[in-house]
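Could you build all of it, start to finish, from the sequences and the hints given here?
Protein chains in written order, with our numbering: chain H, 1 to 326; chain F, 1001 to 1326; chain R, 2001 to 2351; chain S, 3001 to 3351.
Rather than coming from a laboratory, the hints here were simulated on the basis of the structure.
The reader is advised that the hints may include incorrect statements.
[What the hints assert, rightly or not] Keeping only pairs whose Cα atoms sit at most 25 angstroms apart, straight-line, the calculated DSS-like set for lysine-lysine is:
(1) Lys3290(S) to Lys3280(S)
(2) Lys3259(S) to Lys3290(S)
(3) Lys2214(R) to Lys3214(S)
(4) Lys3280(S) to Lys2207(R)
(5) Lys3207(S) to Lys2207(R)
(6) Lys3207(S) to Lys2214(R)
(7) Lys3149(S) to Lys3214(S)
(8) Lys1253(F) to Lys1225(F)
(9) Lys2259(R) to Lys1039(F)
(10) Lys1318(F) to Lys1225(F)
(11) Lys3207(S) to Lys2149(R)
(12) Lys39(H) to Lys3259(S)
(13) Lys2207(R) to Lys3290(S)
All values reported here derive from a predicted model rather than from experimental measurement.
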Amino acid sequence: MPEVTYLEALRQGLWEEMERDDRVFILGEDVGLYGGAFKVTEGFSQRFGAQRVIDTPISEAAIVGAAAGAAHMGMRPVAEMQFIDFVSCAYDMLTNYVATARYRAGLATPLVVRGPCGGYVRGGPFHSQNPEAAFFHTPGLKIVYPATARDAKGLIKASIRDDDPVLYLEHKWLYRRIKEQLPEGEEIVTPIGEARLARDGTDLSIVTYGATVWKSLEAAEQLEKEDGVAAEVLDLRTLLPMDDAAIMRTVKKTNKVLLVHEDTRTGGVAGEIAARINEQAFEWLDAPIKRVTAHDVPLPYAPTLEDFVLPQTEDIVKAARWLAAY
Amino acid sequence: MPEVTYLEALRQGLWEEMERDDRVFILGEDVGLYGGAFKVTEGFSQRFGAQRVIDTPISEAAIVGAAAGAAHMGMRPVAEMQFIDFVSCAYDMLTNYVATARYRAGLATPLVVRGPCGGYVRGGPFHSQNPEAAFFHTPGLKIVYPATARDAKGLIKASIRDDDPVLYLEHKWLYRRIKEQLPEGEEIVTPIGEARLARDGTDLSIVTYGATVWKSLEAAEQLEKEDGVAAEVLDLRTLLPMDDAAIMRTVKKTNKVLLVHEDTRTGGVAGEIAARINEQAFEWLDAPIKRVTAHDVPLPYAPTLEDFVLPQTEDIVKAARWLAAY
Amino acid sequence: MASRTRPTTQSPPLPAGLTREQLLEIYRYLRLTRTLEERLTALYRQSKVIGGLFRSLGQEGESVGSAYALERGKNRDILSPLIRNLGSMLVMGARPVEILRQYMAKADGPTRGRELNVHFNDLELGYLGQISHLGDMIPVMAGITLTFKLRGEPRVGLVYIGDGGTSTGTFHEGLNFAAVQRCPLVVIAEYNRWAYSTPPEKQFAVKDLVDKAKGYGVAAATVDGNDVLAVYQATRLAAERARGGAGVQFLEVKTYRRKGHAEHDDQHYVPPDELDWWAKQNDPLDRYVKQLVQHDWVDERELSDVDEHVRVEIDEATDACVDEPLPQGETALPGVYANPRAAERLWFRNL
Amino acid sequence: MASRTRPTTQSPPLPAGLTREQLLEIYRYLRLTRTLEERLTALYRQSKVIGGLFRSLGQEGESVGSAYALERGKNRDILSPLIRNLGSMLVMGARPVEILRQYMAKADGPTRGRELNVHFNDLELGYLGQISHLGDMIPVMAGITLTFKLRGEPRVGLVYIGDGGTSTGTFHEGLNFAAVQRCPLVVIAEYNRWAYSTPPEKQFAVKDLVDKAKGYGVAAATVDGNDVLAVYQATRLAAERARGGAGVQFLEVKTYRRKGHAEHDDQHYVPPDELDWWAKQNDPLDRYVKQLVQHDWVDERELSDVDEHVRVEIDEATDACVDEPLPQGETALPGVYANPRAAERLWFRNL
Ligand SMILES: Cc1ncc(C[n+]2csc(CCOP(=O)(O)OP(=O)(O)O)c2C)c(N)n1
Ligand SMILES: Cc1ncc(C[n+]2csc(CCOP(=O)(O)OP(=O)(O)O)c2C)c(N)n1
Ligand SMILES: [Mg+2]
Ligand SMILES: [Mg+2]
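Right under this line is the structure:
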C-alpha cells in the first residue's frame, strides 16, 4: 500500500471525483496551470481542461456566488480559497445566500468551499486562521475538518457528493507532515457527521479536531507513559452537524472532558460542545469541562509568539493532569 | 422626568456626543436628510451639517473601512448599517482590518458600528438577524447590546468614547416598545463590560441580553406569581468583553442557570457562557445549565413561523420550571 | 374581434417583430403588474400584507419589456428579479395568487411563509428570487450562465441591479467575473433616480450607469426604460448577442421610482413636481397605450377588455387566498439540509 | 565634488523641477530598495527570514517615483504600500533595519514580531501598512483622506493596488466612495502582468487598468512605470490636483513583476524570454542611470558612491539586528484592546 500525504490524499479524492462525475468542476485563484498555491490541483488542468479547472479573478464573493449558481443548475462546484482566511470576503455570500438557499426557496446548492487553514506555520495573522467558529453558527452549512490523510480523502469525496453546501477545512501544517498508507482501488468515503475515535482510553476524554488531534495524541502518549493515565481522543472530523452521540459516548465512559482546539477561545467551537455536554450528560461529569485553545489574540508571526499563543502538547498534558487529579 | 423610548434615548445619546465632541461624525446609507431608515438620525443633518452626517453609497465594507481610516486620524466615526444584517458585507473589514489594527500595528481605531437587529417584527431572514455570534469570536472588538432606554443612551455614549472599536446592537423590536423616564441634564454613560442585575432572585438565574431581557422579566413575574419561584435576571449589556464576575456571582447565588438568547442555538453566545460557568463555577451548579434560544433555522417571515422559531416567554417559563424542579 | 373590422393589410407594420397578440400580451402584463400592486397596497392598508410593500409604479415598462425579450418556457432563459421587478416575474410565469400568498405569508405560498415579497423561485420557469443583500445575485447569475456556457446550452441569464446596488462589492466582483468568462448574461441596470432616499450624485461620480460598463469590457447600451417596446428591443438584441457568444451585455434603463422606497416612506426628499411630471408625462403604461392606439395596432376596446380581465383575475386570485391560513409553527423546522443527520429535536420545548 | 568640476550653468536643465541632490536621492532609494531586497533574499536562503519573501525587482521605479512625489515630513501625506512597495516605504522614512527586523520577526521590530514583511505603519511619517486581504486598504485610505478633506488639511493620500487586486469588492466600494466624496486620494494601479500566476486576461476583460477608472468618474492617466521620473511627475501632478480639491486621481503604472509571486514560486507559467527582455531592456534602475548619465545630471562616480554607501548601510543594519532575539512568548498577549477590562488570564496555563 502506497504511503500518501494528507495533501496527496486530498488531491486523490478530488481527482477521483472529477473522473467519476463530470458535473464536478474546480474554480479559484491560480488553480489552473499553476495548480494552486499549495499544488492541491497540480495536473488537474492538464487532465480535465480549462473548462473544469477555472482560474478566477481575485474575487472570493464572486467565486462562492458563481459556485452557488452553478450548483443550482446541477453542477458540483468545488471552490478553492487560496488561503481560507480570504473566505471572510465571501462571508455574506456563504452565510446569507448559500446556506439559506434550500430552506428559503428549496434550491439545491451542493457545493464545496475548501482551502488551507490553520497555524503552526509562521503565517502571521492573515494566513493562519481557523474560520470554523464564524460559520459554525450558520444553519444550512456543513463543516468538515479532516485530521488524517484517510479523512482528507474520504471527506472531500463525501463533501462533493453531499447535497448540501460544505465548508471543507484542510490544515496546511498537516499537508506534508502526515503520511498514511491508503489502499489503492478502495473507495474511501468518510461519512459526514461522524466523529472518529482516534484513541481508546478510560480516564478522561480529549475532544478535538484538525491539527490538535495530533497534539492530543502526543499528549495522550505522554500521559500514558509518564502518568499511567489513559486518555481517550475523539476526532470530531465534522463540526456541523456535530456528532453529539459520539461525544456523549466518550463523556459517559470517562466522565471527564478536555476540549481542545487551535482556534481562539472566546466564541470558539468548544463553547458549544461544553453546552451540549452540559445539557446531555451533566450527571455523568466528575469534573468541570476544561478547554485548551489559542489565546484570544490575532495570531502573531514570530515563532516564539505563535508557539505561545497556540495550544501545544504540553498544554494538553498539563490540563489533562489537572483533570485526572480532580 | 420625560419618558423616552429606546430609540429616542439612543438618538439623544448620539446627539449629545455630537454636541460634545466635534470629532464625532456619522456615516451610512440614508442617514442624512432622510434621517435613517428608522429615523435614528432624524434632524442630525440639519443640526450638524452634511459634513458630519454623511450619506454614503450602498457599500458596507467601504463604510466600515472609511470609518477605520478616519478613526486612525483621530476622528470618532459612528457608522450606521441600515439593517445590521448588512454588516455581513463588512465582515472581512471589521474582523480582519478593524479588530486587529491595534494589536498588529498599534493603530488607534475608535469607531462604532451600529444598526437595528433582531426579530419579532416579521422582517424575514434578512432583516431580523442577530449578528453577535459572528463577531463574538473576534479579539479586538467590543460588542454591546442594550435592552433598556437608559442603556441605549448610556452605551452609545460609552461606545463613542471608548478607544476600541465597538459593535453596538440595537433591537428594533424595542425601538418604540420600551419607554423609560430619563433625567434631563444628567449625563448617562453605561460602562462597557458591566452586566446589570435586572431582577433579584434566589431560586435560579436567567442570564440574557437584548429583547429577551424583557421576555425573561415577563417569565420571572409569571414564575413568581404562579410558582412562587424567584428568578434572578441578569442583563449582560456587553457581550464582549463579557462580565464573568457578574455571571459567576448570580450562579453562585442561585446555583441554577438558564441562558436565554434570541439568536440561533448552535454556535450562539450561550455556548461560551456555559463553558465559562463550567470553568469558573462548576462546583456551584445544582443542575445542568439550560439554554432557551431560537431554533437553528434562518428566521422565517410568517408570524406563526417566526413565533415558533424565536424563544417566547412561555419557553422561558417552561425551562425555568424544569430547572426549579431539578 | 377588433381585428376583424380592419384587415391587417391596412394596419401599419407591427413593431419589433411582434405580433398583435404579443403586443396585447405585453399590455396585459403591464396592467397585471400595476393592478396587482394596487391590490397589494389595499391589502397592505388592511394589514393583510405582513411585511413591507415595495412598488414598481412607473417601472412596470422596463420589467415587462426586458423579461418579455427572453426565451420562456421550461428550462429556457433565467432571470433574477429585484423587489421592483414584479412585472418580470409575471412575464416568466409567476402567478398573481403566488405573489399574493407570499406577501401575506400564507401556508400555501411559494415559500410556505418563509420568505417575503418577490423572494421566491421557479428555476424551470426561469426566475430566481433575490436575497435582500444587494448585488449578491450578480455572482450567482454569473454562475448560472457560466453553466449554460460550460454545457453549451443556448440559454441566457438576465439580472437586474439598481443604481444603488451598483455600489456593492458583489456587483463589481460578479460582473467582472462574468465578463472575463464571457458568460451569456444580460445585466439590466435600473437608473430610477433613487436608492431609498439617496440620489445618484451621492451614489456614484459618473453621470450614467452605462459609464460603469466601461470598466468591465462588456458591450453596453442605454434605453428609455419607460418605452416598453424600446426596452423589449434592446433586451432582445442583448440577449441574442449573449446567446451568440458575445459575452456579457450591459443595458442601462432610464426610469423613475414614483413611490417611496416602500409604502411607509413619505418621499419628503423628492422635489415637489418631479413625481407629477413622471406620472403625467412619462408613465410607461400611458405611453404604451398611446403607441398602440395611435398606430392602430390594437383598439381601445381590446385594452379595456384586458383591463377587465385583469381585474377579474386579481379579484379571483385574492378571493382564492386571502382567507387562507398561515403556516403551522412546526413547519418552520424541516428543510435546512437536504441530508439532515437525524430528526431535529425541539430542544427547549422538549424538556 | 563632481559638481565642482562642471559649473551648473553648463548642465542641461534638470528634469521635473528636481535638484541634482534630489535626483541622487531618488537613485539612492532605488538602490536601497534593490540592495535591501537582495539582502533579504540572502537571509531568506539562510532561513533567517521567517515567512515568505516578496520581491519588487523591476518595480522599484514606480514605488520610489510615486512616493517621492508626496509631501513628506511629520504629519504630511500618507501612503499605503503593498508587499511590492518596499521602495515607497523607504522613501517615506521606514528604515532598512526596521524592514530587516520585521522580516526576521525580531522583538525590536516595528510590530514586535506580530506582523510580517512590510505590514507596519508610521502614520506620522506617512505610511500605513496593508493587511493581506487585497483591496481593503482602499476604503481605509478613503477614510483617511476624507478626514483630510473634512478638516481642510492640505494633505493627500496615496494607495497602491495590483492588477489582481482591482477585482476585489473592496477596491470597487472604496474607490467609488472616495470618488463620490471627492477625497484627496491618488490611486496607483500597478499593471505588472501577474497576480500570482494569473495574467490580466483572466483577471479582467478590459485591456488596461486605466479603463476601470472610467466607471468611477475620476481623473485618470497612464505612465510608464519603469521610467522613474515619469512616474514621479505623473504622481506629483495627480497629488497636486488632489490637494487642490480635484478629487480622486487614478494613475496606472505599467511595469513588470520579474520575480515569482514570492521566493518559492518558480515562475514556470512565465513565457521564456519575457523575463529576459524586461531585465535587459527595461530595468528601471538601468534606465534611470542611463538618463542621469546621458544628460550629465550626475556622473557615474557619484552613483557608485551611492551604491557603496547603500551597501555599507545595509551591512550595518543587518549586523545590528541579525542576531537580535525574537520576542518573548508572553509579549503576545497585551495590546488587543486600548481599554481592556482587566488583566488577561493565561487560562489553561494557569491551572
Ligand atoms: C448590501 C445591502 N445594503 C443595504 C441594503 C438596504 N437597502 C435595501 S433597498 C436599498 C436601496 C436600493 O436602491 P437601488 O439599488 O437603486 O434599487 P431601487 O430601490 O431603486 O429599485 C437599500 C439601501 C440592502 N438591501 N443590501
Ligand atoms: C482578498 C484576497 N484574496 C486572495 C489573496 C491571495 N493573494 C495574495 S497576493 C495575490 C496576487 C496579487 O496580485 P496583484 O494584485 O496583481 O499584486 P502583485 O502581486 O502583482 O503585486 C493573491 C491572489 C489575498 N491576499 N487577498
Ligand atoms: Mg434605484
Ligand atoms: Mg499584479
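For each hint, the structure was consulted:
1. Note on Lys3290(S) and Lys3280(S): the hinted pairing holds, with a Cα-Cα distance of about 13 angstroms set against a maximum of 25 angstroms.
2. Under the criterion of a C-alpha separation no larger than 25 angstroms, the hint pairing Lys3259(S) with Lys3290(S) is consistent with the structure, at around 23 angstroms.
3. The suggested pairing of Lys2214(R) with Lys3214(S) holds, with an alpha-carbon distance near 6 angstroms, which does not exceed 25 angstroms.
4. For the hint linking Lys3280(S) to Lys2207(R), the alpha-carbon distance of about 45 angstroms lies beyond 25 angstroms, and the restraint is violated.
5. This hinted pair checks out: Lys3207(S) and Lys2207(R) have alpha carbons roughly 23 angstroms apart, not beyond 25 angstroms.
6. For the proposed pair Lys3207(S) and Lys2214(R), the alpha carbon gap of about 11 angstroms is at most 25 angstroms, so the pair holds.
7. For the proposed pair Lys3149(S) and Lys3214(S), the alpha carbon gap of about 23 angstroms is at most 25 angstroms, so the pair holds.
8. About 21 angstroms separates the Cα atoms of Lys1253(F) and Lys1225(F), which keeps this hinted pair within 25 angstroms; it holds.
9. Of the supplied pair hints, the one linking Lys2259(R) and Lys1039(F) holds, its CA atoms being roughly 19 angstroms apart against a limit of 25 angstroms.
10. A hinted pair counts as satisfied when its Cα atoms are at most 25 angstroms apart, and Lys1318(F) with Lys1225(F) qualifies at roughly 14 angstroms.
11. A threshold of 25 angstroms between alpha carbons decides the hint, and for Lys3207(S) with Lys2149(R) the separation of about 23 angstroms falls inside it, so the pair holds.
12. With a C-alpha separation of about 19 angstroms, the suggested pairing of Lys39(H) with Lys3259(S) holds against the 25 angstroms cut-off.
13. With a C-alpha separation of about 45 angstroms, the suggested pairing of Lys2207(R) with Lys3290(S) is violated against the 25 angstroms cut-off.
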